[in-house]
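Peer 1: With these hints in hand, go ahead and build the complete structure from the sequences.
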Amino acid sequence: MMWTAWRQIRFQTLVVSGAVAVLALLLALTGPHLSHVFHATVLNCHVHNDCGPVLGNFQRSYHWVRFVEIVVLAAPALLGVFWGAPLLAREIESGTYRLAWTQSVSRSRWFLTKVALVGAISMALVALLSFMYTWWSSAYYDLFKGQFLPLYYLTHDVTPIGYAAFAFALGVTLGVLIRRSVPAMAATLVAYVGSLTAFSVWVRPHLETPLRRSSPFQLFTSSRSGGPGTSPNNWVVAQQTVNGSGQVVGQSGGIGSNGNIDFAPVGRGSPGTFRFAGVGTCPNKFPLHENGGLSGRPSSPFIHAVNTCIRSFHLRDVLSYQPASRYWSFQWYEMSIFIVLALALIGFTWWWVRRHLT
Amino acid sequence: MIWLAWRQFRVQAYVAVGLLGALAIAFAVTGPHLAHLYDTTVATCGAHGDCGSVQNSFLGMDRFLQHLSVVVVVVPALLGIFWGAPLIARELETGTYRLAWTQSVTRSRWIATKFCLVGLASMVTAGLLSLMVTWWSSPFDRLRDTPFSNFDHRDIVPIAYAAFAFALGALLGVLIRRVVPAMAATLVVFIAVRLAFTNWIRQRFATPLHITTPFQAPGPGFNGGNGLPRNPGDWVVSEQTINKSGKVIGQYGGIGPNGEVSFRGSGNGATYFQGVGKCPNTIPNPPAGSRTTNSQPPPAVQHAIQKCIDSFHLRSIATYQPTSRYWTFQWYELTIFIVMALILSACAWWWVRRHLA
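Chains as they are written, first to last, in our numbering: chain A, 283 to 640; chain B, 841 to 1197.
Watch out, some of these pointers could steer you wrong.
[Stated by the list, open to error] Now the in silico label distances, taken between C-beta atoms and shown as ranges:
1. A:Thr312 <-> B:Val1088: 17 to 27 Å
2. B:Arg1017 <-> A:Ser607: 50 to 60 Å
3. A:Leu489 <-> B:Arg1193: 53 to 63 Å
4. A:Ala559 <-> B:Val1028: 47 to 57 Å
[Unchecked claim] Taking beta-carbon pairs under 10 Å as the criterion, some of the chain A residues facing chain B (in silico):
5. Gln429
6. Ser463
7. Ala468
In short, the hints are calculated from the structure, not lab data.
All figures in this text were calculated on a predicted structure; none of them were measured in a lab.
Virtual Cβ for every residue (Gly too), placed ideally from N, Cα, C.
Peer 2: Structure representation (structure tokens):
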């Protein structure tokens, strides 16, 4: 049985392994040089005062970093689509599974051998790609920080292995359920991209409770990087503006849904009384010669009045963030979650094949 | 025959219409608000003097949909894989083409109808998608003002990519005769052709312009390159440092393969400009020896360095394609890909007539 399964995927495996080997070889050949250039010229460019040209050349020599990144990002999806989905769908579509079952092979053994063999090869190839890429790009990412940025997080270290297992299992499952190769492939692509996006947007930020840091609200301190003094590798999950009673009144250093910070006169009845849009009426009086808003270059008494008004509301700027130190626990968590999902899908499909396929 | 081709293609067409519709709704809900926000905040920020923060927060709007616009890059490839490659290959694999040919339909008509219907549908899908994304992203694009960086996922070229991907898929399906291998081959060849255009061919559509300036010692900071006078939207193809005899000795405002600009003193009091030669003047306390990180060297040193640099008559040459050529390039690339698509379709048609029994 092992022999048949291997014969069925031999050609594809050799082609894909060949491509991965060529890429790995290119990375292995260029990596040490790039790392040397990084340590010899980029790290001490301040001393020579030539950071502009040195960084220009360094980025140029990493010209292909985006391409390799996309290869690592797409590899699990492609393996799920091209290996996972047709694995059983093609046998069902063309009826060849009947032949296999009339031999001395039980359905379980037929299913498990195929899935285990191709699944393990997929995971091994993606692991090799991911580790080679992580090693090769380490100098580049020493410079351009952001371990939690999606493109970094999704393509480095161990998460791609989990994605490979999940995408493959998803392909196998949809192939069995849909029973036709091409529609199953399309469905796998859509379902995989959808799951990964949903996980990135809704689940990953809450894998561990984010830390919070709160500071008094100030004008124009919008910053997704976490502000001065925090590591650029921290992941700012949310930045909210909170009023004195703890209610959220805005985000990203602004007020309201558009982030506008707007002061306007209340009306003719009470000259000098301004309203802080989205927050409340200012307790202090504003200088009268200004017509409100922040149009034109505001005078310094006006700015003073604005700051006094802002302080009177005790607004706070609350950052929720995942510290850089959690990077590895996130990586392991996420890989485990996707591998468990993959096992669950395979278990379900195994049951389905035994139960419904005749 | 059109009826049959439509029946075979119906489900896929519905899926495409559904996805386009969903995206259109998302864009229609958020787009007008973005355009309004651009006009009221970004366009007037010069008068308010708060451009930095306003532009930053504007670029942070609807980040998810901004990333989603990458689908324009991916969709032509998907159309080639899922519509083009199985079009004929599936009929060959399952043998159903024999049935079609034993009806009153000629082979030519059979293949021409299938190609026209699905090929045009691919182009319309990619065209509508690109139209929506181009419209929705226009406030962001206007603010960033680097049209060449979005060249392949805006305006009209995605239509031609879709036509090419579709014809490529159909041809490979005819040649390989099996669906899944044909799909994989389509993906690989399509990516290779697109990369070749992006990295090597597109920049040669028209002779690039040059700006030459005397070579300057780089200042502190990370600006990358010498800050040559040019429009920020221009596409800089290369930026080279050349010496007096016209030989290229570096790029991006630096010298040598790593772009360093460094001076080294020798025992006898002379200073060497690394990779260029011996300075005619002496440089007091060369900056390589001083450890004042992240600050300008004293004016006397700066002056001596610039004097040494000037003595070699080095020049920086920026080679670029100006922003004004954007539409010319779009039409060029559109034409080339459409012509390639027509040639591939003709090959497929000829092959079916000649070699399929």
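Peer 1: Look at each hint and say if it fits the structure.
Peer 2: Status of the hints after comparison with the structure:
Distance hint check for Thr312 of chain A and Val1088 of chain B: the Cβ-Cβ separation is about 22 Å, which falls inside the suggested range of 17 to 27 Å. Hint check: Arg1017 of chain B to Ser607 of chain A, Cβ distance near 55 Å, so the stated range 50 to 60 Å holds. A hinted range of 53 to 63 Å holds for the C-beta pair Leu489 of chain A and Arg1193 of chain B, which are about 59 Å apart. Distance hint check for Ala559 of chain A and Val1028 of chain B: the Cβ-Cβ separation is about 55 Å, which falls inside the suggested range of 47 to 57 Å.
A cut of 10 Å between beta carbons decides the hint on Gln429 of chain A: the least distance to chain B is about 19 Å, and the hint is violated. Satisfaction of the interface hint for Ser463 of chain A is found here, the shortest Cβ-Cβ separation to chain B being roughly 6 Å, below the 10 Å cut-off. Interface restraint check: Ala468 of chain A against chain B, minimum CB-CB distance 6 Å, threshold 10 Å, status holds.
Checked against the numbered hints above, the structure violates only hint 5.
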